[in-house]
Amino acid sequence: MIENIKTKNSIQEAIIIIIISIVLSFIYNLFSPKSIPLIKEVDQIEYISDQELFQNIHYDSLEHKSVTTKQMLDLINNRNAIILDARNAEAYRKGHIPNAINIPFLDVFNFVDKLQMIPRDTLIVVYCEGVNCELSHHLSEFMRGMNFTRILHYAGGYEEWIKNKLPVEKTD
Amino acid sequence: MKKFLFYIFRYFIGIVFIIAAIPKIEDPAAFAKSIEGYQFLPTFLINITALLIPWIELLVGISIIIGFFLRGTSLLAIILFSSFSILIGISLLRGLSIDCGCFGNLGSPLTYSRLIEDLILLLFSTYVYHIARKSV
Numbered sequence: 001m002i003e004n005i006k007t008k009n010s011i012q013e014a015i016i017i018i019i020i021s022i023v024l025s026f027i028y029n030l031f032s033p034k035s036i037p038l039i040k041e042v043d044q045i046e047y048i049s050d051q052e053l054f055q056n057i058h059y060d061s062l063e064h065k066s067v068t069t070k071q072m073l074d075l076i077n078n079r080n081a082i083i084l085d086a087r088n089a090e091a092y093r094k095g096h097i098p099n100a101i102n103i104p105f106l107d108v109f110n111f112v113d114k115l116q117m118i119p120r121d122t123l124i125v126v127y128c129e130g131v132n133c134e135l136s137h138h139l140s141e142f143m144r145g146m147n148f149t150r151i152l153h154y155a156g157g158y159e160e161w162i163k164n165k166l167p168v169e170k171t172d
Numbered sequence: 001m002k003k004f005l006f007y008i009f010r011y012f013i014g015i016v017f018i019i020a021a022i023p024k025i026e027d028p029a030a031f032a033k034s035i036e037g038y039q040f041l042p043t044f045l046i047n048i049t050a051l052l053i054p055w056i057e058l059l060v061g062i063s064i065i066i067g068f069f070l071r072g073t074s075l076l077a078i079i080l081f082s083s084f085s086i087l088i089g090i091s092l093l094r095g096l097s098i099d100c101g102c103f104g105n106l107g108s109p110l111t112y113s114r115l116i117e118d119l120i121l122l123l124f125s126t127y128v129y130h131i132a133r134k135s136v
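Line order of the protein sequences matches chains A and B. Heads up, the final residue of the first sequence is numbered 172 in the numbering used here, and it's a clean run with no missing numbers. Heads up, the final residue of the second sequence is numbered 136 in the numbering used here, and it's a clean run with no missing numbers.
Please note that a few of the clues may not be correct.
[To be verified] If we take Cβ atoms under 7 Å as the criterion, some of the chain B residues that face chain A in the derived model are:
hint, residue
1, ALA29
2, LYS33
3, ILE46
4, TRP55
5, PHE69
6, LEU76
7, ARG114
In short, the hints are calculated from the structure, not lab data. None of the values given here were measured: they were computed from a predicted structure. From the three backbone atoms N, C-alpha and C, an ideal C-beta is built for every residue, glycine too.
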């Protein structure tokens with residue numbers, strides 16, 4: 001009986017803390033300079049057109065644009081672009097898009113030398129796990145800071161590549 | 001000894017929660033992105049979770065140190081650490097290569113050591129809850 005009351009009190013106390021947290025978080029979010037909408041909107045992926053892709057275009061028009069899986073295949077087959085895999089080394093070892101180079105964003109400072117060797121106007125496509133991962137976006141931001149001018153995303157990432165049953169490379 | 005551990009664990013959990021909460025409260029958008037990386041919540045719940053979790057962490061952190069609502073806060077600590085452990089465990093098994101988001105800051109990859117840390121904190125919280133229930 002006493003144990004039941006203690007459990008009930010514990011739950012009541014926990015609920016009170018949660019209610020206070022709800023109130024404080026909502027009030028803070030109203031006045032915070034970094035407030036976010038309560039309901040997240042679904043990110044729209046903006047794909048680049050074939051015409052745009054194979055022209056010499058620069059940073060401003062490319063920002064946040066993505067290539068489709070078909071365009072990705074063309075780029076790999078024709079070796080028109082350098083493909084960067086932003087996931088960690090283990091994920092890359094288990095399987096990656098053919099010819100992709102691993103630049104794990106979470107360890108990016110150890111890979112700066114490798115990035116320095118790439119000419120700044122090379123067409124680069126970055127990818128990570130899938131639509132929801134952010135590593136490729138962070139990597140492309142980082143590389144823009146290094147004055148790379150032609151960076152695209154492969155928004156579907158490794159997941160979409162696998163889904164399309166396309167060949168993968170593994171490293172031991 | 002029991003009392004000593006009770007206090008040490010409380011302060012430890014409290015400090016961890018406060019340190020984890022502040023950067024997430026400051027930059028909820030970054031935390032929302034970390035949550036999104038785990039691919040377990042529907043899109044419409046991501047921002048609400050990103051706003052709410054850090055405040056629960058902060059309040060639990062402060063309350064567990066000052067001894068306010070100790071049973072409730074230690075129970076919440078158990079719930080939080082269990083949820084984090086399960087989530088991290090599943091994500092590691094799925095082979096997700098993502099940012100942990102544990103302390104809000106970018107650049108801490110999700111690893112098995114994070115899971116072990118959470119499980120240790122879960123153990124501490126369970127101890128605090130057990131003593132708090134007895135003594136109050």
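Structure-based check of each hint:
| no. | hint | verdict |
| --- | --- | --- |
| 1 | ALA29 | holds, 5 Å |
| 2 | LYS33 | holds, 5 Å |
| 3 | ILE46 | holds, 5 Å |
| 4 | TRP55 | holds, 4 Å |
| 5 | PHE69 | holds, 4 Å |
| 6 | LEU76 | holds, 5 Å |
| 7 | ARG114 | violated, 13 Å |
Against the hints set out earlier in the document, a violation occurs for number 7 only.
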